[in-house]
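Q: Here is what each chain is made of, one letter per residue.
Number of protein chains: 2
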Amino acid sequence: MSGEKIIKLYHFPRAPHARKVYIFLHEKGIDIPREEIHLGTKENLQESFLKKNNRGVLPVLELDNGLFLDESPAICCYLEALYPERPLFGKTPVEKAIIDSWERHMEFDGYLAAQDAFRNTAERFANYAVAGVAEEFKAIPALAVRGLRRLDIFFSRLNQRLEESEYVGGDNFSMADITGVIAVDMAKRSKKTLPDNLASAQRWYTAMYERDSISSTYIEG
Amino acid sequence: MSGEKIIKLYHFPRAPHARKVYIFLHEKGIDIPREEIHLGTKENLQESFLKKNNRGVLPVLELDNGLFLDESPAICCYLEALYPERPLFGKTPVEKAIIDSWERHMEFDGYLAAQDAFRNTAERFANYAVAGVAEEFKAIPALAVRGLRRLDIFFSRLNQRLEESEYVGGDNFSMADITGVIAVDMAKRSKKTLPDNLASAQRWYTAMYERDSISSTYIEG
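Protein sequences appear in the order of chains A and B.
Those letters in the first sequence? Residues 322 to 542, by my numbering.
Those letters in the second sequence? Residues 322 to 542, by my numbering.
No lab work stands behind these hints, which were simulated from the structure alone.
Predicted model, so just to flag it, every value in this text is computed and none were measured.
Some clues are possibly wrong.
Stated by the list, open to error - Here are the simulated DSS-like pairs of lysine-lysine, each with C-alpha atoms no more than 25 Å apart in a straight line:
hint, chain 1, residue 1, chain 2, residue 2
1, A, K512, B, K459
2, B, K326, A, K459
3, A, K459, B, K329
4, A, K329, B, K513
5, B, K512, A, K513
6, A, K412, B, K329
7, A, K349, A, K412
8, B, K513, A, K459
9, A, K412, B, K326
10, A, K326, B, K329
Claimed, not checked - Which stretches of chain A does chain B cover? Using the computed rule of at least three CB atoms under 8 Å from a CB of chain B, they are:
hint, region
11, 327-339
12, 394-405
13, 474-486
As the list claims (entries may be wrong) - Over the 10 Å line for every Cβ pair with chain B, so calculated as not near, a few chain A residues:
hint, residue
14, G361
15, L433
16, A463
17, T514
A virtual CB, placed ideally from N, CA and C, is assigned to each residue, including glycine.
Please work from the sequences and hints to get the whole structure.
A: Here it is as structure tokens:
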């Protein structure tokens, strides 16, 4: 350990990746100072925040060595090293690898598909269809259609995984479940929900919302 | 450690994510048994391989406990735990977090943009524009255009990073450099190269190709 200390978490409650960190902290039973950066007023794209993170993305974790750390899995993994109790990234190398792999499937197959669907149709993103850049990008309606089709494949794979495993990452709740919930909830913004006939995925999603960490951090729309 | 052993790596030399694992192994000075799965003949989509990995993606690492591990960063992180000498994911929690964050920037801002550009124009992917699924997806030409514009932003940010840091992940060569090279080389498939005026990015890219691990694993086109 280099001995650096956490100053605060820059966040916004409706930002899906910030929610991952809230869920993570809640599951760990820890809390850290926070400062809200309002995405609605584009506070994240103002000079004062861009000096901290030149992408203007949330969440960002500020450390007392002058570092502003971004990317929610990197932030959570750092927090796991500081607070190893109740591990959410696995214990053994093979557990860690399985969780890492499934966490990525949730993000690439699920979250990114849902993001494509949402940002390429939502009116407020018509000229800002690409997340994480200040530059204008026009929405591509065909990409939204592709995103919805990819979500069908994602839901089906998620269900298949949960037929054989209680949680996405294995026998225990993990970071892979957190990113999974974020993906499914992002899809809801495009009115795309887990099909009723996917019983194992439904069983899992219900169990997820029985956790305070998940239900208390959900904001509709 | 649970004591499981590596059986082999399923790979294909032209597959960018498989190349990440080759580079990683080369840098570590280790080798493991390999079996080539030919993407050109769609061997990855045949029943015998889909039983191992239902996405039909490469690389996949087979373990003697029956597990087939996918996702190149998960595979490399697992190998790092087994072979901790010459760490490529950092040593301290904060080093690990910085490398993790930058590795993700290389993939999301760089590799995915390059993949969008390539797969939505290349003739052989006209009906298979989405990686990692067997289903047909038609190419979206506007997405290729978006990918090329996103690459301009990526190159500029990469250069900015390398003005202040010798390597992408900090003072040492790391996994973030490996994914960075993969991203820049994926862009070359769309005839998009690092602009000459980005001196720091050029300095880094030249240094990368002075490494055997990078130069010996490059396949053009």
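Q: Is it the case that A463/A keeps its Cβ farther than 10 Å from each residue Cβ in chain B?
A: violated, 5 Å
Q: How about the region 394-405 of chain A: do at least three of its residues have a C-beta closer than 8 Å to a C-beta of chain B?
A: It holds: at least three residues are needed, and the region 394-405 of chain A offers 7 whose Cβ sits within less than 8 Å of chain B.
Q: When you look at the beta carbon of L433/A, is every beta carbon of chain B farther off than 10 Å?
A: It is violated; L433/A is separated from chain B by about 8 Å at its closest Cβ, not greater than 10 Å.
Q: Three residues or more, CB to CB closer than 8 Å: is that satisfied between the region 327-339 of chain A and chain B?
A: violated (count 0)
Q: Please work out if K349/A and K412/A have their alpha carbons no farther apart than 25 Å.
A: Holds, at roughly 15 Å.
Q: Assess, step by step, whether the Cα of K329/A is no farther than 25 Å from the Cα of K513/B, and give holds or violated.
A: violated, 39 Å
Q: Tell me if chain B covers the region 474-486 of chain A under the three-residue, 8 Å CB rule, please?
A: holds (count 3)
Q: When you check the alpha-carbon spacing of K512/B and K513/A, does it fall within 25 Å?
A: violated, 37 Å
Q: Mind checking the alpha carbons of K513/B and K459/A for me, to see if they're no more than 25 Å apart?
A: holds, 21 Å
Q: For a C-alpha distance cap of 25 Å, please report whether K412/A and K326/B respect it.
A: holds, 17 Å
Q: Mind checking the alpha carbons of K512/A and K459/B for me, to see if they're no more than 25 Å apart?
A: Since the Cα atoms of K512/A and K459/B sit roughly 23 Å apart, the hinted pair holds (cutoff 25 Å).
Q: When you check the alpha-carbon spacing of K412/A and K329/B, does it fall within 25 Å?
A: Measuring from Cα to Cα gives roughly 23 Å; hence the hint holds.
Hint violations for this structure: numbers 2, 3, 4, 5, 10, 11, 15 and 16, all remaining hints satisfied.
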